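Novice: For chain A, the structure is supplied; the task is to place chain B on it using the hints.
Listed below are the residues making up each chain.
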Amino acid sequence: MSDLAETTVINQHLIDPEICIRCNTCEATCPIGAITHNDLNYVVDASKCNSCMDCISPCPTGSIDNWRQVLREQAYSVDDQLTWDELPEQGELAAPDVAAPSPNTSGGGSVGATIAPKSAAQPQTLLFGPSAATPYARATVVGNHRVTDVGHDYDTHHIVLDFGETHFPVLEGQSLGILAPGVDAAGRPHHARQYSIASPRHGERPGYNNLSITVKRVLEDHAGNPVRGVASNYLCDAAVGDTVQVVGPFGSSFLMPNHANSHLVMICTGTGSAPMRGMTEWRRRLLHAGTYEGGELHLFFGARSKAELPYFGPLKKLPSEFITTHLALSREPDQPKQYVQDVMRAQAPELARLMADPHAYFYVCGLKAMEEGVLTAMADICAAHQLDWAQVAGDMKRDARLHLETY
Amino acid sequence: MSGINYSEKIPNNVNLGEDRTLQRALEQWQPNFVSWWDDIGPEGSTDSDVYLRTAVSVDPQGWAQFGHVKMRDYRWGIFLNPAKEERTIDFGDHKGEKAWTDVPGEYRANLRRIIVTQGDTEPASVEQQRHLGLTAPSMYDLRNLYQINVEEGRHLWAMVYLLHKHFGRDGREEADALLERRSGDEDNPRILGAFNETTPDWLSFFMFTYFTDRDGKFQLAALTESAFDPLARTTKFMLTEEAHHMFVGESGVSRTIQRTAQVMNELKTDDVNKLRAAGVIDLPTLQRYLNFHFSVTIDLFGADESSNAATFYSTGLKGRYEEGKRDDDHVLKDKTYPVLIAKDGGLETKEVPMLNALNEVLRDDYIKDSVAGVERWNKVLTKAGIPFQLRVPHKAFNRNIGALKGANVTPAGEVVSDAEWKGRAGEWLPSNEDRAFVASLMGRVVEPGKFANWIAPPAMGVNRMPIEFDYVRFN
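Protein sequence lines correspond, in order, to chains A and B. Those letters in the first sequence? Residues 89 to 495, by my numbering. Those letters in the second sequence? Residues 687 to 1161, by my numbering.
In case anyone wonders, no lab produced these hints; they're calculated from the structure. Some hints could be false.
Here are the simulated lysine to aspartate or glutamate pairs, EDC-like style, with alpha carbons at most 16 Å apart [to be verified]:
hint, chain 1, residue 1, chain 2, residue 2
1, B, K756, B, E729
2, B, K1011, A, D127
3, B, K1069, A, E161
4, A, K136, A, E161
5, B, K784, B, E771
6, B, K1065, A, E174
7, B, K851, B, E729
8, B, K1065, A, E106
9, B, K1054, A, D422
10, B, K1136, B, D1156
11, B, K1069, A, D243
12, B, K1091, B, E1009
13, B, K1065, A, D104
14, B, K770, B, E783
15, B, K1069, A, E115
16, B, K922, A, E174
17, B, K1091, B, E991
18, B, K781, B, D915
19, B, K1065, A, D243
20, B, K922, B, D985
21, B, K903, B, E1009
22, B, K781, B, E1009
23, A, K394, A, E438
24, B, K1011, A, E174
25, A, K304, A, D243
Computed from the model, here is a short list of chain A residues facing chain B with C-beta under 10 Å [stated by the list, open to error]:
hint, residue
26, T149
27, W477
28, A478
Keep in mind the model is a prediction, meaning the values are calculated, not measured. By construction, the Cβ of each residue, glycine as well, lies at the ideal position given by its N, Cα and C atoms.
Only chain A is shown next, with the shape it has when bound in the complex (with noise of 0.2 Å):
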């Protein structure tokens, strides 16, 4: 683990002592209590803060919002700050080919990475946001299609957003969120609601300024009550045309390699399948424009039924030779139920195969529910390969090759 530790980079939070006032704001908001004080400065703890970004609006000063990337064991102390007149300089990382995990941006818990893999390609993130020089940018509706059929407790939509004149550079695998218009109950503006970006680095149509996104619309919650989540219900129902305000792009580790002959096993669940479409229509475009490297792609996508997987017209027109599909169906009707766990164990020799190939990455994406499963599968089918399932999580985890997103 020291070699994770050596090369992991963290957004350091510092507050700038030349323009604090010392009001004590942030120290009495911090829920973790990470901030702390002598005469001469308030500091953030680089090991409690876990960037919940609480203490930014309260600040009359502007002062806390302030970042540094530091190596995690080159972290400036709380002893250090307390001394200091001014910030540092950003100083040049010992690893600048190592993203830095943003804030708000989870790691995916103990056992999925929290860095992107070494071939991947440099993302951009928070550009638009409460904390960026501008707080959202605007991008137009172009394209809103249902791609499954209307259940009747769910509606799934694909929506394509075109970005006009502004530069809003994304990458397979990282997310936006989108500001729903209008104010909750109680009397505040929604949050962002996140979604995964569902196309590749060069546009939903190649050469535009547009990226997609999926959208599900739960129409009843389990009790059978209708329910109405604001943000998917906005986009779901939003005209060509519309505007809507978007922020991000989120997301530094959950990306794909591009090294030749890397190899992708894609996992997921419903909507979570959006980053998987990204990846694979990336290196579908480079398999057709001739620039494909090679590496296998392998796809274990669950859903309820047929009906309710998204893209599975699509999906099946592409050439078993460039990726294999694996669907399971929990609610098939004259079917046995399946999850994505029991299609992986039954691929087991294959899996076994990929999780000790050091060019094999996996991404896990969808309900949280499945991620248990999945792990404990990818355990199982370790013991039954004699590999020892402890030691292969954690080259996993240090070589950026399992990435978990799970809600």
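Specialist: Okay, now just chain B, sitting in the frame of chain A:
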């Protein structure tokens, strides 16, 4: 006015819509408040859209909503910090008992007095500052002034809420009186002296927000300890807003110093006349303004020995600053505290029972906090290579309350004769000439991104907006 839905119009977390009595009381008070705002609120601001921060809830997300609004339509919310279950009283004779959600009958008069005194300062400062918009040094500063004005208005709402909710008819009468008194009015003045002084220019405004709003911070902090839980929760939230006011003062003075230092370096002079001719405020004048505002403000803490202060503490109405961080018994019956007195041509300390000296305790905490900010101003001078340092005057200088009243103490702490003090007062306090000079610099600059010659631009804009953002839209 009964058609107004107050639970919608006034963001609140006190279930305003469910309390019909309170709703009726506020329905009667609200038009008077708006009428007060129209009469005596910021002059010439009626049609402007101002980039204001509005609190719509007490959590970090709802805390700071920014947008252009007309001040008259500002959503004056009523917010209490969330209640802590089973909160107990931390000090005084009731220490360890459960905090009160209602006013105990025996403390009703004292609590009302505390709330009215605090509440009275809020509209008072709006009145004191009402002409400043006409001489703003920039659009950015104008916006900051307006932000302070609406938040003082919101703080008035916070106190009026407590009066209406917990003090019945007396409370309603007091709430009405808060709109009737006027800063500086000979017949019906505001309660505290410093709130009847005028705020004639922007240097006074910055000094006022640095020093006098800091008094507000310490008074509010002492009230956040109160056994009367609604008062504690209300003032806790107000403190977060008060921080902005002190920021305006601290950064305003700092930018003034920065600009003066810049011109001193450009002209390579510390000659007062040359600097004044160059249109910046010389450092000795800044020092005199500082002496004045500091000494007037520390009087606000009251007499150094006060039986009222002892009563307020022992009965749990008002604690000390950061009561929870002190490691004494929080009852203080056997403790003493040194207070300063003038005696035999000198100053000496006298140990008095701490309970009676609690005004002095709060004043000393305040002084420590004030000095720290002045040292930050000095860093601006040090950084510019100017060999001049501003100093907070001695605690006994220019005092008009308590044992040090009329003690003829210099800013350095030396006791002099009455004649000498009067003869030299012009060295220490702003003269009419100083004030006239500062006033002469106060021309209105409100083109986005432009600043008056006497003040440097800020390090950053509001809410990360650019400095040249149109913070105020004149319609």
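Novice: So, for every hint listed, does it hold in this structure?
Specialist: For each hint, the structure was consulted:
1. For the suggested pair B:K756 and B:E729, the alpha carbons sit about 13 Å apart, so the restraint of at most 16 Å is met.
2. Under the criterion of a C-alpha separation no larger than 16 Å, the hint pairing B:K1011 with A:D127 is consistent with the structure, at around 15 Å.
3. A C-alpha spacing of about 32 Å is found between B:K1069 and A:E161, which places the hinted pair above 16 Å, so the restraint is violated.
4. Pair hint A:K136 plus A:E161 holds up; C-alpha atoms about 14 Å apart against a cutoff of 16 Å.
5. Of the supplied pair hints, the one linking B:K784 and B:E771 holds, its CA atoms being roughly 10 Å apart against a limit of 16 Å.
6. Among the hinted pairs, B:K1065 with A:E174 is consistent with the structure: their alpha-carbon atoms are about 11 Å apart, no more than 16 Å.
7. This hinted pair does not check out: B:K851 and B:E729 have alpha carbons roughly 32 Å apart, beyond 16 Å.
8. For the proposed pair B:K1065 and A:E106, the alpha carbon gap of about 9 Å is at most 16 Å, so the pair holds.
9. The hinted pair formed by B:K1054 and A:D422 fails the criterion: a straight-line CA distance of about 78 Å is larger than 16 Å.
10. For the suggested pair B:K1136 and B:D1156, the alpha carbons sit about 11 Å apart, so the restraint of at most 16 Å is met.
11. Only pairs whose Cα atoms come within 16 Å are accepted, and B:K1069 paired with A:D243 is rejected, the gap being roughly 62 Å.
12. With a C-alpha separation of about 29 Å, the suggested pairing of B:K1091 with B:E1009 is violated against the 16 Å cut-off.
13. Simply put, B:K1065 and A:D104 have alpha-carbon atoms about 14 Å apart, close enough for the 16 Å limit, and the pair holds.
14. Distance hint between B:K770 and B:E783 is fulfilled; the C-alpha atoms sit about 14 Å from each other, no more than 16 Å.
15. As the CA atoms of B:K1069 and A:E115 are separated by approximately 28 Å, the hinted pair breaks the 16 Å bound.
16. Between B:K922 and A:E174 the CA atoms are separated by roughly 30 Å; this puts the pair beyond 16 Å, and the hint is violated.
17. For a cut-off of 16 Å, the pair hint linking B:K1091 to B:E991 stands: about 13 Å separates their Cα positions.
18. Pair hint B:K781 plus B:D915 holds up; C-alpha atoms about 14 Å apart against a cutoff of 16 Å.
19. The suggested pairing of B:K1065 with A:D243 is violated, with an alpha-carbon distance near 61 Å, which exceeds 16 Å.
20. The suggested pairing of B:K922 with B:D985 is violated, with an alpha-carbon distance near 24 Å, which exceeds 16 Å.
21. With a C-alpha separation of about 14 Å, the suggested pairing of B:K903 with B:E1009 holds against the 16 Å cut-off.
22. Of the pairs offered as hints, the one joining B:K781 and B:E1009 holds, with about 12 Å between alpha carbons and a cut-off of 16 Å not exceeded.
23. Taking the CA atoms of A:K394 and A:E438, the gap is near 25 Å; set against the 16 Å cutoff, the hint is violated.
24. Pair hint B:K1011 plus A:E174 does not hold up; C-alpha atoms about 28 Å apart against a cutoff of 16 Å.
25. Taking the CA atoms of A:K304 and A:D243, the gap is about 6 Å. The hint holds against a cut of 16 Å.
26. A least Cβ separation of about 5 Å between A:T149 and chain B falls short of the 10 Å threshold, and the interface hint therefore holds.
27. Hint on A:W477 is violated. Least Cβ distance to chain B is approximately 40 Å, over the 10 Å limit.
28. Because the smallest distance between the Cβ of A:A478 and any Cβ of chain B comes to about 39 Å, over 10 Å, the interface hint for this residue is violated.
Against the hints set out earlier in the document, violations occur for numbers 3, 7, 9, 11, 12, 15, 16, 19, 20, 23, 24, 27 and 28.
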